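Asker: Spelled out from the first residue to the last, the chains are:
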Amino acid sequence: MQLLHFVHRAEAEFFLPRAEPLEFPLPGAYTIPGGILIISGEGALPSLSYVSAMLGAYPQIDTVIHYGLAARLAPLPHGVVSVRTLYQANGSEPDFHSITTSDAQAREDLLSVARRLLDPEQSTQFSHFAGMLDREAYGAAFAAHLFRQKVFIYKIPVDSVENGKVCTDIRNLSSTYSQMYLEHYEANHQNAKKEETAEIELPEGFYFTVHQKHLYKKYLQYAEIDSADPELLDFVRQGIKHPKKRTARLLEILRKENNPIEARAEELLDELFAPYRHKGVDIKLPDAMETNSIRLSLDISRFPSMKEAAETIASFPREQAVRIMNGSFSKL
Amino acid sequence: MIFPRIFIEKNLENHPAVLKILQKLPGREIRYIDSYTDVFGKVYKPFSHRKKNIDLFLAQKKGSLVREAPPAYGISGAPHYYFIHTYNCVFECQYCYLQGYFHSPDMVVFVNHEEILEEMQNTLAQHSGDVWFHAGEFSDSLALSHILDDWPVFWDFFRGNPRARLELRTKSANIRALKQLEPLPNVTVSFSLSAERTAAQFEKKSSPVRARLRAMGILSRLGFRIGIHLDPIIYTPSVLQDYEWLAERMREEAGINSIDYISIGAIRFNSDLAHKIEKNYPGTRLLLTDYVRSVDGKLRYARPKRMFLLQSVEEILLRSGFPSHRIYICMESDDLVYSEKE
Numbered sequence: 008m009q010l011l012h013f014v015h016r017a018e019a020e021f022f023l024p025r026a027e028p029l030e031f032p033l034p035g036a037y038t039i040p041g042g043i044l045i046i047s048g049e050g051a052l053p054s055l056s057y058v059s060a061m062l063g064a065y066p067q068i069d070t071v072i073h074y075g076l077a078a079r080l081a082p083l084p085h086g087v088v089s090v091r092t093l094y095q096a097n098g099s100e101p102d103f104h105s106i107t108t109s110d111a112q113a114r115e116d117l118l119s120v121a122r123r124l125l126d127p128e129q130s131t132q133f134s135h136f137a138g139m140l141d142r143e144a145y146g147a148a149f150a151a152h153l154f155r156q157k158v159f160i161y162k163i164p165v166d167s168v169e170n171g172k173v174c175t176d177i178r179n180l181s182s183t184y185s186q187m188y189l190e191h192y193e194a195n196h197q198n199a200k201k202e203e204t205a206e207i208e209l210p211e212g213f214y215f216t217v218h219q220k221h222l223y224k225k226y227l228q229y230a231e232i233d234s235a236d237p238e239l240l241d242f243v244r245q246g247i248k249h250p251k252k253r254t255a256r257l258l259e260i261l262r263k264e265n266n267p268i269e270a271r272a273e274e275l276l277d278e279l280f281a282p283y284r285h286k287g288v289d290i291k292l293p294d295a296m297e298t299n300s301i302r303l304s305l306d307i308s309r310f311p312s313m314k315e316a317a318e319t320i321a322s323f324p325r326e327q328a329v330r331i332m333n334g335s336f337s338k339l
Numbered sequence: 114m115i116f117p118r119i120f121i122e123k124n125l126e127n128h129p130a131v132l133k134i135l136q137k138l139p140g141r142e143i144r145y146i147d148s149y150t151d152v153f154g155k156v157y158k159p160f161s162h163r164k165k166n167i168d169l170f171l172a173q174k175k176g177s178l179v180r181e182a183p184p185a186y187g188i189s190g191a192p193h194y195y196f197i198h199t200y201n202c203v204f205e206c207q208y209c210y211l212q213g214y215f216h217s218p219d220m221v222v223f224v225n226h227e228e229i230l231e232e233m234q235n236t237l238a239q240h241s242g243d244v245w246f247h248a249g250e251f252s253d254s255l256a257l258s259h260i261l262d263d264w265p266v267f268w269d270f271f272r273g274n275p276r277a278r279l280e281l282r283t284k285s286a287n288i289r290a291l292k293q294l295e296p297l298p299n300v301t302v303s304f305s306l307s308a309e310r311t312a313a314q315f316e317k318k319s320s321p322v323r324a325r326l327r328a329m330g331i332l333s334r335l336g337f338r339i340g341i342h343l344d345p346i347i348y349t350p351s352v353l354q355d356y357e358w359l360a361e362r363m364r365e366e367a368g369i370n371s372i373d374y375i376s377i378g379a380i381r382f383n384s385d386l387a388h389k390i391e392k393n394y395p396g397t398r399l400l401l402t403d404y405v406r407s408v409d410g411k412l413r414y415a416r417p418k419r420m421f422l423l424q425s426v427e428e429i430l431l432r433s434g435f436p437s438h439r440i441y442i443c444m445e446s447d448d449l450v451y452s453e454k455e
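Residue numbers (the working numbering), protein chains in the order written: chain F, 8 to 339; chain X, 114 to 455.
These are computed hints drawn from the structure, not numbers from a lab.
If a hint is listed, it holds; no wrong ones were tucked in.
In silico DSBU-like pairs for lysine-lysine, Cα to Cα no more than 30 Å straight-line:
1) F:Lys286 with F:Lys314
2) X:Lys175 with X:Lys155
3) F:Lys225 with X:Lys389
4) F:Lys220 with X:Lys392
5) X:Lys392 with F:Lys225
6) X:Lys318 with F:Lys225
7) F:Lys220 with X:Lys411
8) X:Lys155 with F:Lys157
9) X:Lys392 with F:Lys224
10) X:Lys411 with F:Lys291
11) F:Lys263 with F:Lys220
12) F:Lys225 with X:Lys411
13) X:Lys411 with F:Lys263
14) X:Lys392 with X:Lys164
15) F:Lys224 with X:Lys389
16) X:Lys133 with X:Lys292
17) F:Lys251 with F:Lys291
18) X:Lys389 with X:Lys317
19) X:Lys392 with F:Lys263
20) X:Lys123 with X:Lys155
21) F:Lys157 with X:Lys165
22) F:Lys224 with X:Lys317
23) F:Lys286 with F:Lys263
24) X:Lys389 with F:Lys157
25) X:Lys165 with X:Lys155
26) X:Lys164 with X:Lys133
27) F:Lys224 with X:Lys164
28) X:Lys392 with F:Lys157
29) F:Lys225 with X:Lys317
30) X:Lys164 with F:Lys225
31) X:Lys411 with F:Lys224
32) X:Lys164 with F:Lys157
33) X:Lys317 with X:Lys137
34) F:Lys224 with F:Lys248
35) F:Lys220 with X:Lys389
36) F:Lys263 with X:Lys389
37) F:Lys157 with X:Lys317
38) X:Lys137 with X:Lys292
39) X:Lys318 with X:Lys164
40) X:Lys123 with X:Lys137
Keep in mind the model is a prediction, meaning the values are calculated, not measured.
When you get a sec, could you build the whole thing from the sequences and use the hints?
Answerer: Right under this line is the structure:
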């Protein structure tokens with residue numbers, strides 16, 4: 008569901024014929040096909056409050072779309088411009104934090120300021136950071152960012168907002184701008200198909216936790232395949248009954264296939280340790296084999312004598328194990 | 114257009130280095146500012162802004178200009194320092210720690226070379242033997258050298274200070290500016306090389322490996338000392354064959370004797386960089402493989418895998434005729450690297 012945000016009623020004019028007032032404690036809220044439209048009024052705080060209130064009240068909103076005017080600080084394309092990154096300044100200097108919109112194709116940046124800007128020197132200073140200036144977009148984007156929802160900011164850059172005459176001209180043109188917003192919205196967002204997320208198909212007869220699903224997907228992507236080999240799946244299904252255990256085994260096989268060097272090291276260590284494990288020695292390797300510390304533990308009562316237990320430990324091939332952990336094996 | 118806007122610190126307006134750079138970058142929008150720090154890094158400018166265009170800042174570096182290099186940085190036995198003459202790089206290597214490092218992808222070029230050289234001179238005076246100075250910690254040393262024209266002034270210093278050794282690190286084949294300079298015995302141009310397909314996949318905008326090899330060959334024939342960094346080594350099923358090919362080409366192009374050293378290192382990064390890579394290059398194959406947190410906190414291939422790769426590449430180099438004393442393993446714990454050799 009979309010949330011369309013406007014600052015002035017006149018800017019939303021072309022959207023309103025299809026809008027119905029929404030019963031909501033805040034005025035200026037409407038339902039429209041596919042979402043909600045709000046008119047917040049001027050300034051960062053109304054913008055932030057309105058968008059936040061709507062996102063809190065309607066968790067089904069997944070996209071915030073803002074349309075409005077901006078003062079042009081640099082040469083920009085004509086018409087509706089999509090914003091890439093938003094900055095904000097409460098005083099004469101911009102804040103460090105920025106918000107990047109969901110439009111990966113956007114190329115222009117915008118700075119939201121607290122007050123209308125009338126100082127040309129200040130405007131030059133701000134133009135180092137962004138080509139457009141407004142007062143509301145950062146608030147809307149901040150709310151969307153806070154709620155982890157997608158955000159698109161669209162602006163029509165106007166030449167200047169530094170003098171009253173231009174402001175009057177802009178008011179007179181608001182109907183034209185509203186039409187431009189509607190055309191842009193219809194072309195880019197109305198009936199927009201939901202982004203198809205590439206979901207992997209999980210094999211039947213296996214049980215995947217979220218983490219395991221992520222791993223499975225990662226292993227398939229790394230191997231550049233869409234699904235695991237059916238023969239491998241059958242092999243695991245036939246060998247193991249329990250779906251959870253099947254998944255663990257499948258992931259282990261895929262991990263080894265993608266990491267043949269590690270798999271070889273593990274195989275060599277298993278071979279080396281087999282006679283000791285057979286005698287009941289528990290062998291614990293260091294985390295990720297990053298150090299040389301190997302822990303052995305055994306139950307002395309399982310050995311005929313203390314001497315034999317001691318000899319078993321003394322004969323443990325530690326150096327060979329360290330060599331393997333250290334990658335010193337030649338054939339894969 | 115590269116660098117559509119150039120920001121210049123006001124006090125450098127007539128600095129010869131600035132005027133020279135401006136001559137080579139005509140038609141740009143010039144903006145004068147008090148200090149580059151008023152704009153560069155002032156706001157968080159996402160790395161993705163590189164897709165459009167990045168700005169250039171011409172500035173004066175203040176504070177520490179020469180810094181001690183991290184351990185295992187270069188050939189052991191001599192002190193290693195790096196000096197800062199540029200921030201950020203025009204290349205886009207997916208594993209590079211510079212992405213997001215300065216909170217801006219814009220490039221800063223420091224033109225107060227004299228002060229950098231003065232600090233180098235002071236550093237040199239603190240030691241009795243050779244001292245290494247590395248360029249390229251925060252940028253590629255040669256990528257823009259034809260525009261910045263910054264090496265001649267350094268050449269004068271190194272010509273007069275044979276104890277001082279300079280390393281210019283690059284992934285570029287841009288040797289136009291270097292060819293105008295005489296080779297010095299204490300200056301090494303070191304090329305970072307990867308397997309060809311790995312470079313094509315993960316080192317966007319840098320020169321193709323074959324072009325780097327050719328550039329290396331040209332410099333070698335002109336008498337320049339050469340260094341090679343086979344770092345980072347990234348695992349692919351054909352990795353060993355790829356490095357065999359590379360070792361042969363290195364030998365053919367530069368010959369054994371003009372190569373002063375070859376460093377080898379396996380891919381590694383910290384968690385912060387991993388997040389940045391994920392954000393900047395969604396879905397990259399670089400992060401589809403398994404990493405472990407190593408003893409130093411960095412994410413690396415599991416020890417058997419990375420040590421196998423390092424040892425195998427070292428063996429390939431030895432088989433190609435490169436002497437073992439010129440090969441060193443970079444950024445691995447000494448305990449691991451040398452336990453086998455002892």
